[in-house]
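Listed below, chain by chain, are the residues.
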Amino acid sequence: MFAELNELLGASPERPDAGVNLAAAREQGQLVFLEGLKSCLDLLFGEEEQPGQPNPLQFLRGSSAELRALFEFVRASLAPCAQRDWKGPVLLLDDLSLLLSLGAAPVPVLDFIHYCRVSVCCQLQGNVVVLVHSSEDSEDEENELLVNSLCHHSDLILWAEGLATGFCKDVHGQIKIIKRLSLRQAAEQDQVQIYQYKIQDRNVTFFARGLSAAVL
Amino acid sequence: LVFTEEDKFGLYSNLLFKYFLAEGIVCGHDLFVASAKEHPDNILKELPAPLLDDTYRKELGDEAAVVNSEDCQDSMKIAWRYQNLPKMETSPTTYTKFGHYYDLSKKMPAELCQSVKWHSFYLHEELSSEPKMKAWNMNSGYARLLQSIQRIISQEGFDGSDPQKKQRNVLRIGIQSLGSVLWGDDVCCSDPPADPHSLTKFLYVLRGLLRKSLSACILTVPSHLIQNKAIMERVTNLSDMVVGLESFIGSERETNPLYKDYHGLVHVHQIPRLNSLICDVSDTKDLAFRLKRKLFTIERLHLPPDLSDTVSRASKQDLAGSAKPLSSGCGATGTQHLDF
Numbered sequence: 001m002f003a004e005l006n007e008l009l010g011a012s013p014e015r016p017d018a019g020v021n022l023a024a025a026r027e028q029g030q031l032v033f034l035e036g037l038k039s040c041l042d043l044l045f046g047e048e049e050q051p052g053q054p055n056p057l058q059f060l061r062g063s064s065a066e067l068r069a070l071f072e073f074v075r076a077s078l079a080p081c082a083q084r085d086w087k088g089p090v091l092l093l094d095d096l097s098l099l100l101s102l103g104a105a106p107v108p109v110l111d112f113i114h115y116c117r118v119s120v121c122c123q124l125q126g127n128v129v130v131l132v133h134s135s136e137d138s139e140d141e142e143n144e145l146l147v148n149s150l151c152h153h154s155d156l157i158l159w160a161e162g163l164a165t166g167f168c169k170d171v172h173g174q175i176k177i178i179k180r181l182s183l184r185q186a187a188e189q190d191q192v193q194i195y196q197y198k199i200q201d202r203n204v205t206f207f208a209r210g211l212s213a214a215v216l
Numbered sequence: 001l002v003f004t005e006e007d008k009f010g011l012y013s014n015l016l017f018k019y020f021l022a023e024g025i026v027c028g029h030d031l032f033v034a035s036a037k038e039h040p041d042n043i044l045k046e047l048p049a050p051l052l053d054d055t056y057r058k059e060l061g062d063e064a065a066v067v068n069s070e071d072c073q074d075s076m077k078i079a080w081r082y083q084n085l086p087k088m089e090t091s092p093t094t095y096t097k098f099g100h101y102y103d104l105s106k107k108m109p110a111e112l113c114q115s116v117k118w119h120s121f122y123l124h125e126e127l128s129s130e131p132k133m134k135a136w137n138m139n140s141g142y143a144r145l146l147q148s149i150q151r152i153i154s155q156e157g158f159d160g161s162d163p164q165k166k167q168r169n170v171l172r173i174g175i176q177s178l179g180s181v182l183w184g185d186d187v188c189c190s191d192p193p194a195d196p197h198s199l200t201k202f203l204y205v206l207r208g209l210l211r212k213s214l215s216a217c218i219l220t221v222p223s224h225l226i227q228n229k230a231i232m233e234r235v236t237n238l239s240d241m242v243v244g245l246e247s248f249i250g251s252e253r254e255t256n257p258l259y260k261d262y263h264g265l266v267h268v269h270q271i272p273r274l275n276s277l278i279c280d281v282s283d284t285k286d287l288a289f290r291l292k293r294k295l296f297t298i299e300r301l302h303l304p305p306d307l308s309d310t311v312s313r314a315s316k317q318d319l320a321g322s323a324k325p326l327s328s329g330c331g332a333t334g335t336q337h338l339d340f
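So the sequences go chain by chain: L and X.
My numbering numbers the first residue of the first sequence as 1 and each following residue consecutively.
My numbering numbers the first residue of the second sequence as 1 and each following residue consecutively.
Simulated from the structure, these hints should not be mistaken for laboratory data.
There's no promise every hint is true.
When the alpha-carbon atoms are kept at most 30 Å apart in a straight line, the in silico DSBU-like pairs for lysine-lysine are as follows [to be verified]:
id: 1; chain 1: X; residue 1: 260; chain 2: X; residue 2: 107
id: 2; chain 1: X; residue 1: 37; chain 2: X; residue 2: 117
id: 3; chain 1: L; residue 1: 176; chain 2: X; residue 2: 229
id: 4; chain 1: L; residue 1: 169; chain 2: X; residue 2: 229
id: 5; chain 1: X; residue 1: 212; chain 2: X; residue 2: 37
id: 6; chain 1: L; residue 1: 198; chain 2: L; residue 2: 169
With the hints as extra help, turn the sequences into a complete structure.
Encoded structure:
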């Protein structure tokens with residue numbers, strides 16, 4: 001899947017490949033995985049926490065909606081980057097809409113993202129990849145606020161949606177790739193590319209609109 | 001985590017709930033039943049009895065025989081192109097027997113119920129006992145339920161914490177009418193509710209517990225009472241599988257001749273994708289259910305052929321209009337005329 005996605009994103013020497021071997025990264029200590037579900041259970045059912053290591057999901061318990069503990073966790077995890085000279089750290093957030101479901105308000109979530117961007121993108125020259133859920137007729141205003149704000153500040157938007165014509169067995173949906181060139185240079189237009197995709201068990205195949213394998 | 005949206009009067013979702021629990025008993029799984037409405041002991045007394053193999057086949061066999069004898073040998077003359085398509089099966093009778101079948105007119109025998117270990121959580125009993133909770137930021141009924149579930153999971157070893165235990169079993173959790181006023185949550189009666197995050201937090205933690213142990217859970221929720229659509233969207237994202245039941249009782253669809261054989265529709269809003277990118281998606285999206293004297297069946301919605309000449313075109317369009325939300329599968333002959 002990543003090989004195809006790389007081609008679509010126009011991988012170049014300036015922008016590293018999207019695909020990374022995660023298992024290898026974990027072994028080298030380069031992968032830090034915060035499993036939200038597990039942390040949450042530890043927080044609620046576990047014993048008293050050690051004073052030096054606050055649980056990153058602390059906001060669940062307290063009445064304050066600040067995500068500071070989560071940000072500290074991110075920063076602490078990325079600290080080895082600068083020391084060991086690893087290039088291009090990537091922060092993957094799956095998924096941000098969940099934070100709203102867990103009681104965080106949109107503004108603290110946006111603050112958290114802002115801090116992450118400053119820390120990861122500016123200080124460490126890395127990338128932040130965020131997943132959010134949305135839909136066209138969504139009535140979740142807080143979520144839409146989050147989505148709009150993120151779109152506004154992102155360099156690249158991958159927008160996956162179902163087909164407008166309804167369910168189809170061979171084409172599961174389409175993906176819009178929007179390169180926000182207008183962020184870099186005032187006169188530039190955003191570049192939009194649309195592809196369709198079909199999902200298999202462990203893989204996704206992408207193709208141009210109307211050219212699915214079932215049709216050709 | 002199976003999230004079931006209750007039909008308006010809760011009749012049919014209750015049936016699904018009972019089927020889930022009955023299947024657990026027949027398979028020898030442990031059960032955990034939670035409710036704020038009925039005492040779990042009463043729920044367990046009302047489970048349907050399992051049908052033995054031959055009785056079930058006889059029930060369905062009678063019906064199928066009638067259908068088959070009528071038309072299987074006629075070859076088609078006008079619509080001959082359709083001859084080669086497989087016959088549309090409304091219900092899976094011949095292939096794959098998955099699970100067990102139940103007779104709704106009989107109750108499950110008490111010995112069978114006693115053969116499995118079951119745990120109950122009746123909210124009003126729990127609330128009267130001593131609270132020993134840490135400060136959680138959640139509705140107290142939900143918090144107690146989560147603590148109770150977590151306690152059973154770790155005590156009975158469903159999370160693999162007891163390596164001594166040789167026989168590993170599955171825990172089936174059924175939670176009835178979550179979110180209703182009886183649980184102390186006003187998400188069903190106010191918009192915006194006083195604490196909009198209790199239900200979603202509960203689901204998140206519940207899913208965490210399910211992932212960490214050998215358990216499966218079915219919830220029924222009176223979602224037709226939840227005005228706040230944002231919460232429903234979040235809840236859908238937090239569940240693995242979301243199924244909605246729409247019964248025809250009291251709605252205009254009851255008298256619609258298209259639906260005369262059925263008692264309601266089944267809407268599948270989401271299917272689980274655990275450990276893979278996609279799940280097996282069925283061909284048809286239109287499912288309807290019907291409650292016969294002994295069986296509750298879910299079938300593909302099958303429009304009968306429109307054979308009458310006397311119905312005027314205008315009324316046909318009315319019927320077709322109300323059926324528009326459905327996308328008809330290729331086997332159903334719709335009520336639209338071809339205009340040349």
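How the hints compare with the structure:
1. X:260 <-> X:107: Satisfied, since the Cα-Cα distance of roughly 29 Å is no more than 30 Å.
2. X:37 <-> X:117: Since the Cα atoms of residue 37 of chain X and residue 117 of chain X sit roughly 22 Å apart, the hinted pair holds (cutoff 30 Å).
3. L:176 <-> X:229: It holds: about 27 Å lies between the C-alpha atoms, which stays within 30 Å.
4. L:169 <-> X:229: 29 Å, holds
5. X:212 <-> X:37: 28 Å, holds
6. L:198 <-> L:169: 9 Å, holds
Violation of the numbered hints given earlier is absent; every hint is satisfied by the structure.
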